[in-house]
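K.L.:
Each chain is listed here by its residues.
2 protein chains.
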Amino acid sequence: MNGPIDKSLRERAARVIPGGMYGHQSAASLPANYPQFFARAEGPWLWDVDGNRYLDFMCAYGPQLFGYAHPGIDAAYANQMRTGDAMTGPTALMVELAEAFTSMISHATWAMFCKNGSDATTIALMAARAQTKRNAIVRATGAYHGAQPWSNPRPAGTSPGDRAGQHFCTYNDVASLEEAVKAAGDDLAAIFVSPFRHDTFQDQSLPTREFAQRCRELADKTGALLIVDDVRGGFRVSRDCSWSIVGVEPDISCWGKTIANGHPISAVLGSDRARPGASSIFTTGSYWFAAAAMAASLATLELIRETDYLERLNAMGDTLRAGFDERAKAHGFSIRQTGPSPMPQILFDDDPDYRVGYGWCSEMLKRGVYTHPWHNMFLSAAMGDAEIAFALKAAGESFEALRASVASLEPHRMFAGRT
Amino acid sequence: MNGPIDKSLRERAARVIPGGMYGHQSAASLPANYPQFFARAEGPWLWDVDGNRYLDFMCAYGPQLFGYAHPGIDAAYANQMRTGDAMTGPTALMVELAEAFTSMISHATWAMFCKNGSDATTIALMAARAQTKRNAIVRATGAYHGAQPWSNPRPAGTSPGDRAGQHFCTYNDVASLEEAVKAAGDDLAAIFVSPFRHDTFQDQSLPTREFAQRCRELADKTGALLIVDDVRGGFRVSRDCSWSIVGVEPDISCWGKTIANGHPISAVLGSDRARPGASSIFTTGSYWFAAAAMAASLATLELIRETDYLERLNAMGDTLRAGFDERAKAHGFSIRQTGPSPMPQILFDDDPDYRVGYGWCSEMLKRGVYTHPWHNMFLSAAMGDAEIAFALKAAGESFEALRASVASLEPHRMFAGRT
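Going down the list, the sequences are from chains S and A. Per this note's numbering, the first sequence runs over residues 480 to 898. Per this note's numbering, the second sequence runs over residues 480 to 898.
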């Protein structure tokens with residue numbers, strides 16, 4: 480709940496930050512009672528600057544796989560920071576981390592490390608272009624692959640050349656995929672896909688086996704590389720690349736967010752087939768060789784390998800989904816819960832301007848649960864039965880409150896005037 | 480000195496990292512005895528994996544302004560990490576950091592934070608394009624503005640569209656600047672400049688007042704934005720934007736490296752004139768709102784404001800330069816030391832394939848001093864009189880050893896066959 484401290488910080492931010500805030504963590508498109516600024520976080524819990532506590536179903540928009548301030552992972556970071564972090568060259572941890580990833584991810588024989596998810600997707604794009612000496616890519620309409628000019632979801636500040644040679648298909652629609660590949664012709668460098676459809680404002684869709692296999696076949700047939708952008712989905716769908724669930728291996732996969740439980744590192748993993756292209760490009764960043772985030776990533780990968788976190792995430796996600804559904808029905812709402820259980824997207828039927836969804840999230844927030852009205856959410860392994868019960872209790876009360884107020888809801892100002 | 484542990488790590492890296500290593504921290508283009516992997520660092524000192532200690536004149540390629548493992552800065556990072564780092568939104572530190580920057584940097588009224596230097600330069604480019612609704616940019620041949628496709632120093636993996644609308648001038652050459660601006664015509668979005676010429680393999684040049692003023696005038700005349708890329712030079716030339724030394728204020732400046740003494744954060748700073756463009760773009764990254772690096776940056780900015788670090792860097796740089804020059808002459812070498820004293824570039828006369836420079840660096844390394852044969856170097860405030868004396872003693876011995884071996888030097892394999 481945004482209180483007086485949040486309000487005061489927003490006023491100060493409006494003076495010194497363009498638009499008051501930018502990017503995916505701007506609260507401008509969230510329900511009016513959502514806070515912009517936070518004070519602390521621990522395990523599955525998050526506190527805003529006015530002292531309100533939330534069970535956080537955004538997990539920092541993904542990274543918090545094992546919960547905030549994880550003692551073991553953060554100790555690995557802090558210890559390495561004291562020994563040596565950003566130095567004049569990498570440490571042995573870079574080799575160890577590349578070995579850990581290539582031993583865990585079936586398709587991968589090599590790894591490169593960077594900082595942003597956008598770095599990973601851009602390296603993948605460059606590696607594919609360098610390897611094939613071609614320019615065109617096929618990607619799905621509405622899929623987010625980062626905010627670099629070539630992939631930015633908005634046109635502002637981009638140049639037509641940034642998006643030259645991009646051909647679009649519809650996720651899971653084989654005919655549209657074939658058409659886009661045909662349009663790219665003999666210039667096709669890469670087919671770029673999300674591991675499942677996780678577009679904002681939309682129901683999520685798991686990949687069909689037919690679509691994934693056709694991506695693989697078309698890449699092989701044309702000599703293009705198949706790239707799976709696992710930055711958002713990675714390690715919440717599988718301990719391997721997410722397309723392992725449909726039995727398809729990409730040439731390159733892109734990783735970030737979960738791989739060091741929130742510490743700043745992302746990764747590109749590739750097969751031997753993709754190695755020449757990756758070896759030929761120049762790519763770098765000031766902090767890409769820094770060791771502390773690599774130590775945290777090694778500690779995170781160990782937890783991924785050696786705990787039942789994924790089975791627990793799935794079980795909790797299933798319980799949550801069934802419980803939300805039951806409570807929605809009990810109060811006369813019809814909701815669509817889509818995507819993998821640990822990454823739920825919840826949208827309301829008959830809600831073209833999302834006002835009902837916004838209203839529900841707003842009620843959930845009042846009851847100490849941070850959900851999102853149009854972006855998929857994330858469970859963390861720091862959650863347990865008590866947290867799931869807490870969320871379900873809040874959900875029941877929120878549906879009840881929503882039932883009482885739904886007739887008088889107004890659309891969020893983002894949608895005012897739209898239907 | 481690369482020993483058996485370094486050798487073994489290189490062999491493992493060759494299997495799991497494309498090309499064995501990538502980017503600016505690859506040792507492939509350094510003298511043959513340089514190590515690739517490091518074990519630890521403290522203050523001005525760096526240890527490789529085989530236990531050799533170096534006085535490090537690369538400072539992690541810039542970031543280490545106050546020395547490795549700085550207790551106060553690292554404590555700020557560690558404390559904030561325990562409280563809350565990457566969360567579902569920013570903390571008050573983001574506002575405080577934007578306020579700190581805008582109070583210190585004359586031209587700036589706003590700030591945006593990101594992770595890589597390349598993020599900062601790309602945001603600047605996008606903001607200028609969004610603001611002017613134009614595409615072209617003018618930049619200097621050979622200047623490095625990061626490794627994104629639009630600025631990548633190599634063509635591999637880039638597409639012709641990435642560089643559309645780029646017009647090149649020669650740094651400090653007003654006539655070439657005017658010509659490039661003319662060529663961009665009414666499509667000019669930005670003039671992009673380094674604070675001084677710090678191209679690799681070249682003598683450095685401080686900006687002439689005439690060149691800087693003409694950049695400002697031409698931006699004003701054409702309605703383009705003037706962007707100073709201070710990622711590498713920032714805070715080693717001035718406590719303000721580096722072009723304060725020639726009395727010219729840009730519309731946007733790009734920062735990184737030193738601003739948190741090696742912790743991962745970069746920044747874009749801008750004036751009110753540039754605010755509409757910056758406010759209109761979508762730009763973001765998974766870890767851009769994380770608080771720990773912001774806490775470290777606030778601690779670093781405090782040291783920048785409140786210590787005599789810059790005067791000390793200049794004094795040490797001057798002593799070093801005079802001492803190197805004297806020792807070179809004493810052994811019959813003629814060297815060119817260029818650029819700001821805290822960021823020396825040292826090149827040898829009559830050394831077209833850099834073999835003499837490589838030879839000298841190789842000798843310095845044997846004596847525990849890490850210098851660079853073709854990239855500008857960096858002093859840190861953790862150095863003092865004892866370290867400068869150590870470097871000068873090593874330099875004298877290295878020039879002497881080089882005199883004995885110079886006739887038999889071979890060119891580095893990078894240059895084999897070139898003259």
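Keep in mind that the hints were calculated from the coordinates and are not lab data. C-beta: ideal position from N, C-alpha, C; glycine also. Among the clues, some could well be false.
Only pairs whose alpha carbons sit at most 20 Å apart, straight line, appear in this in silico EDC-like list of lysine to aspartate or glutamate [what the hints assert, rightly or not]:
hint : chain 1 : residue 1 : chain 2 : residue 2
1    : A       : Lys486    : S       : Glu575
2    : A       : Lys486    : S       : Glu781
3    : S       : Lys486    : A       : Glu578
4    : S       : Lys486    : A       : Asp832
5    : A       : Lys612    : A       : Asp719
A few chain A residues facing chain S, derived, Cβ under 8 Å [said to hold, decoys possible]:
hint : residue
6    : Ala506
7    : Ser508
8    : Phe517
9    : Met566
10   : Asp598
11   : Asn631
12   : Gly664
K.L.:
Holds or violated: are the alpha carbons of Lys486(S) and Glu578(A) at most 20 Å from each other?
P.N.:
17 Å, holds
K.L.:
Holds or violated: the hint that Met566(A) contacts chain S, with Cβ atoms closer than 8 Å.
P.N.:
5 Å, holds
K.L.:
Quick check on the hint: Gly664(A) CB to chain S CB, less than 8 Å?
P.N.:
15 Å, violated
K.L.:
For a C-alpha distance cap of 20 Å, please report whether Lys486(A) and Glu781(S) respect it.
P.N.:
27 Å, violated
K.L.:
Does the CB of Ser508(A) sit less than 8 Å away from some CB of chain S?
P.N.:
Result: violated, 11 Å to nearest chain S Cβ.
K.L.:
Report holds or violated for the interface hint on Asp598(A), using the least CB-CB distance to chain S and a cut-off of 8 Å.
P.N.:
Holds, about 7 Å.
K.L.:
Mind checking the alpha carbons of Lys486(A) and Glu575(S) for me, to see if they're no more than 20 Å apart?
P.N.:
15 Å, holds
K.L.:
When the nearest CB of chain S is found for Phe517(A), is that gap smaller than 8 Å?
P.N.:
5 Å, holds
K.L.:
Can the hint on Asn631(A) be confirmed by a CB-to-CB distance to chain S that is less than 8 Å?
P.N.:
The hint holds - Asn631(A) has a Cβ within 8 Å of chain S, the shortest such distance being about 6 Å.
K.L.:
With a cut-off of 8 Å on the beta carbons, see whether Ala506(A) makes it to chain S.
P.N.:
7 Å, holds
K.L.:
Verify the proposed pairing of Lys612(A) with Asp719(A), using a straight-line Cα cut of 20 Å.
P.N.:
Violated - the C-alpha atoms of Asp719(A) and Lys612(A) are around 29 Å apart, more than 20 Å.
K.L.:
Verify the proposed pairing of Lys486(S) with Asp832(A), using a straight-line Cα cut of 20 Å.
P.N.:
Measuring from Cα to Cα gives roughly 61 Å; hence the hint is violated.
Violation of the numbered hints given earlier is confined to hints 2, 4, 5, 7 and 12; the remaining hints are satisfied by the structure.
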